[in-house]
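> This is what each chain is made of:
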Amino acid sequence: DVKVTQSSRYLVKRTGEKVFLECVQDMDHENMFWYRQDPGLGLRLIYFSYDVKMKEKGDIPEGYSVSREKKERFSLILESASTNQTSMYLCASSLPGKTYEQYFGPGTRLTVT
Amino acid sequence: KQEVTQIPAALSVPEGENLVLNCSFTDSAIYNLQWFRQDPGKGLTSLLLIQSSQREQTSGRLNASLDKSSGRSTLYIAASQPGDSATYLCAVQGSGSRLTFGEGTQLTVNP
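As they're listed, the protein sequences go chains A and B.
Take the first sequence: its position 90, counting from 1, is numbered 83 in this note's numbering, and each next residue is one higher.
Take the second sequence: its position 97, counting from 1, is numbered 108 in this note's numbering, and each next residue is one higher.
Possibly wrong hints are sitting among the right ones.
Said to hold, decoys possible - Selected chain B positions facing chain A (Cβ under 10 Å, derived; list incomplete):
id : residue
1  : K12
2  : Q17
3  : N43
4  : Q49
5  : T56
6  : L60
7  : S64
8  : Y87
9  : L100
10 : Q104
11 : G107
12 : S108
13 : R109
14 : E114
Stated by the list, open to error - Some chain B residues well away from chain A (every beta-carbon gap over 10 Å; in silico):
id : residue
15 : L22
16 : V31
17 : S35
18 : R66
19 : T69
20 : A89
The hints are simulated quantities; they were obtained by calculation from the structure and are not laboratory data.
Using N, Cα and C, we set each Cβ at its ideal position, and we do this for glycine too.
Produce the complete structure using the sequences and hints provided.
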């Protein structure tokens, strides 16, 4: 059974903290994605990675960075969390050339106070 | 830039009704369109994928259609059940390696 896991289901952080969201997939997928989901806005792509140490900005990269040191792990970093980064964060992975076949993790609901 | 819009934002129906969810997109140059289901607090599960050359796809009580030239897709759910209650999202894939999602329709089917 294919699986994408995210390190936390719920996370509460304070403004200004550095926050790491971790995503791990066990399908040997090259592509990995980070989205945020907000009511009325759907899913918006933050960053994606098409190989180890490779990354590309999505539609809303401001305030975020990413790290992909190993194929199975893709981390989203909030250098200095702000209240407007309170959201649901979803990670996904896919094979190259099969962006339409993304497997999603359960999500991390981050609250920044 | 591709934009995807879903109507309605929320829908509440009694069990047994047939219903239609709508999705529209601004750029007709797509490779495919996909409908997803999301249960509360969970990730997305793909329901139906329609390639740009196709007009519709069916899976059980679900039927999705695609009219690429007009930038529209519909998801038809027959004989709705309480277990169909979820948020339904459509997404299109354009020329890049990314999906563009709509805002979603939150469906509630009442017993």
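> Confirm or reject each hint.
Tested hints:
1. K12: Since the shortest Cβ distance to chain A is 8 Å, the answer is holds.
2. Q17: holds (8 Å)
3. N43: Hint holds; N43 (chain B) Cβ to chain A Cβ min 5 Å, cut 10 Å.
4. Q49: Because about 9 Å separates Q49 (chain B) from the closest Cβ in chain A, which is inside the 10 Å limit, the hint holds.
5. T56: Constraint on T56 (chain B) satisfied, holds at 8 Å.
6. L60: holds (6 Å)
7. S64: violated (14 Å)
8. Y87: violated (21 Å)
9. L100: holds (6 Å)
10. Q104: holds (5 Å)
11. G107: Hint on G107 (chain B): holds, closest Cβ of chain A at ~8 Å, below 10 Å.
12. S108: Given a least distance of 5 Å, the restraint on S108 (chain B) holds.
13. R109: Check passed: Cβ of R109 (chain B) comes within 6 Å of chain A, closer than 10 Å.
14. E114: Holds, because the Cβ-Cβ distance from E114 (chain B) to chain A comes to roughly 4 Å (cut-off 10 Å).
15. L22: holds (15 Å)
16. V31: holds (19 Å)
17. S35: holds (13 Å)
18. R66: holds (17 Å)
19. T69: holds (18 Å)
20. A89: Since the minimum Cβ distance to chain A is about 25 Å, A89 (chain B) lies beyond 10 Å and the statement holds.
When each numbered hint is compared with the structure, violations occur for hints 7 and 8.
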